[in-house]
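Let chain A serve as the given structure and place chain B on it in line with the hints.
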Amino acid sequence: MHLPRPRGPLSAAVVGVMSGRAVLDEAALAAEIEALPETVDVLVDDDFHLALWTLYELHYRPFDDASQDWEWEPGLIGVRRALEERLLAEVRFATSEWVHASMAARGDVAERLFALTEMVPGTALTSYLHREATLGQLLEYLQHKSIYHLKESDPQSFVLPRLQGPMKVALAELQYDEYGSGRPQQLHQTLFAAGLEACGLSSEYGAYLDLVPGPTLAVTNVMNLFALRRTLAAAAMGHLGAFEATSSEPCRRVAQGCRRLGLPDTVASYFDEHIEADAVHEQLAFRDICGGMAAEDPQVLGDLFLGAAAYLYSESLAGTALLDAWRDGRSSLLPDQESGNQSDLAAAVAS
Amino acid sequence: MTGPSPARKRSVVVTPCGDGGPVLVRGADVVQDAAGTSHVVTRPVVAVCTCEKSQRLPWCDGTHKAVQRGRRRRDDTA
Chain A
3 MHLPRPRGPL
13 SAAVVGVMSG
23 RAVLDEAALA
33 AEIEALPETV
43 DVLVDDDFHL
53 ALWTLYELHY
63 RPFDDASQDW
73 EWEPGLIGVR
83 RALEERLLAE
93 VRFATSEWVH
103 ASMAARGDVA
113 ERLFALTEMV
123 PGTALTSYLH
133 REATLGQLLE
143 YLQHKSIYHL
153 KESDPQSFVL
163 PRLQGPMKVA
173 LAELQYDEYG
183 SGRPQQLHQT
193 LFAAGLEACG
203 LSSEYGAYLD
213 LVPGPTLAVT
223 NVMNLFALRR
233 TLAAAAMGHL
243 GAFEATSSEP
253 CRRVAQGCRR
263 LGLPDTVASY
273 FDEHIEADAV
283 HEQLAFRDIC
293 GGMAAEDPQV
303 LGDLFLGAAA
313 YLYSESLAGT
323 ALLDAWRDGR
333 SSLLPDQESG
343 NQSDLAAAVA
353 S
Chain B
28 MTGPSPARKR
38 SVVVTPCGDG
48 GPVLVRGADV
58 VQDAAGTSHV
68 VTRPVVAVCT
78 CEKSQRLPWC
88 DGTHKAVQRG
98 RRRRDDTA
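Residue numbers (the working numbering), protein chains in the order written: chain A, 3 to 353; chain B, 28 to 105.
These are computed hints drawn from the structure, not numbers from a lab. Please note that the accuracy of each hint is not assured.
Some chain B residues well away from chain A (every beta-carbon gap over 10 Å; in silico) [what the hints assert, rightly or not]:
1. R37
2. S38
3. A55
4. A61
5. G63
6. T64
7. V67
8. R70
9. V72
10. K80
11. Q82
12. R83
13. D88
14. T90
15. D102
16. T104
Some but not every residue of chain A turned toward chain B, in silico, with C-beta under 10 Å [to be verified]:
17. E40
18. T41
19. A112
20. Y130
21. L176
22. D280
Glycine residues also receive a C-beta, built at the ideal position from the N, C-alpha and C atoms.
Here chain A stands alone, though its shape is the one from the complex (with noise of 0.2 Å):
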């Protein structure tokens, strides 16, 4: 993967650092972020989170065009922290009524995040998927999806040595799956790269990162803002299940509009193993580690509910960058400065 085309002062800053063509003042980029004007909108900015994506990416795989050891680097790791801080308070701003509403209810922990998961409004975009998108629109959600999925469940890892006992088990138990059961080619990762190629799409890692607008990346920085911090493990957990737990009715539309758009069957076979591992894996994350850890420490229920209500807010505001792009007759990626156009791939696709 190659480090990003810069989208604002930020990423250019990151990118610029890591290139080797900049010098980092880190001071004056975290002054900068503290700073940012009101019209930055740090939920779904594109400059800030590509700046913030490619600082996490730093924990996963390499760029060919960065050295590796700017992973701890301790001034980025400082950038990355105002990033973060600005991200977190905003986040907890966004969701602050849902996770209120949580805290007040009654009952068992679970029944009550499974509850929140029907109390933050979610978009139409795998109804539109199912019924009514094109062929080059669903081709456009795999490429968002691509960011994510070509590393599913690998920020969930870091949580695993933050846990205890049966949580512990519970999140080892869930990941084994997520990971093939055993069985490499039935990991989660080289199944989604498997649909991708078999649609015509590139399944390299990161080949869609220029494409993809600030709203998909903030799915996965929040994912990342929460999975690498300790004091945030509750929130990933919380996130995990509110991912699992909104993922088999909108894997079953969407494996349905793939087969209506007679996309080869490796993908909708991909959305076909979502709906079964899923319905499992909600009960996982929601019972067995939520539950689990909010019974051995009920400080933690704030940072499970505000988890789960992140992701799910996170996701739909990316799902509505996607249908308010397509209403107005717009791709919802961003234009490619360097190859073919994406209704080029969709005809080829289509031939």
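Okay, now just chain B, sitting in the frame of chain A:
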């Protein structure tokens, strides 16, 4: 001298998931449905449908939540 110990079979554990939700089954190789058809278990834990509305029987596909939503809506308007 003793021979190799017999392969130890993991015991099957069944965990219910509340009203209308599935039962989680761990340690099973095969789940047999009401019609007697055997379904091979391929994951470490499976969710078996109990609401009978799943489109992927015998496995849970989350449809019980849609059923519960519908019931709540009816209760609200009643």
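Checked hints:
1. R37: Non-interface label on B:R37 holds, nearest chain A Cβ at 13 Å vs cutoff 10 Å.
2. S38: Given a closest Cβ separation of 16 Å, the condition holds.
3. A55: The assertion about B:A55 holds, with a minimum of 13 Å to chain A.
4. A61: The assertion about B:A61 holds, with a minimum of 19 Å to chain A.
5. G63: holds, 21 Å
6. T64: B:T64 clear of chain A: closest Cβ-Cβ about 17 Å, beyond 10 Å.
7. V67: B:V67 is indeed farther than 10 Å from all Cβ atoms of chain A, at 13 Å.
8. R70: About 5 Å separates B:R70 from the closest Cβ of chain A, which leaves it inside 10 Å; violated.
9. V72: The claim is violated: B:V72 sits with its nearest Cβ about 6 Å from chain A, within 10 Å.
10. K80: Since the minimum Cβ distance to chain A is about 12 Å, B:K80 lies beyond 10 Å and the statement holds.
11. Q82: violated, 7 Å
12. R83: With a cut-off of 10 Å, B:R83 comes too close to chain A, as the shortest Cβ separation is near 6 Å.
13. D88: violated, 5 Å
14. T90: Since the minimum Cβ distance to chain A is about 8 Å, B:T90 lies within 10 Å and the statement is violated.
15. D102: B:D102 clear of chain A: closest Cβ-Cβ about 14 Å, beyond 10 Å.
16. T104: holds, 17 Å
17. E40: Hint violated; A:E40 Cβ to chain B Cβ min 38 Å, cut 10 Å.
18. T41: The hint is violated - A:T41 has no Cβ within 10 Å of chain B, the shortest such distance being about 39 Å.
19. A112: Holds - the Cβ of A:A112 comes within 10 Å of chain B, reaching about 8 Å at its closest.
20. Y130: Violated. Min distance 18 Å.
21. L176: holds, 9 Å
22. D280: holds, 7 Å
In summary, the structure is inconsistent with hints 8, 9, 11, 12, 13, 14, 17, 18, 20 from the numbered list given earlier, while agreeing with the others.
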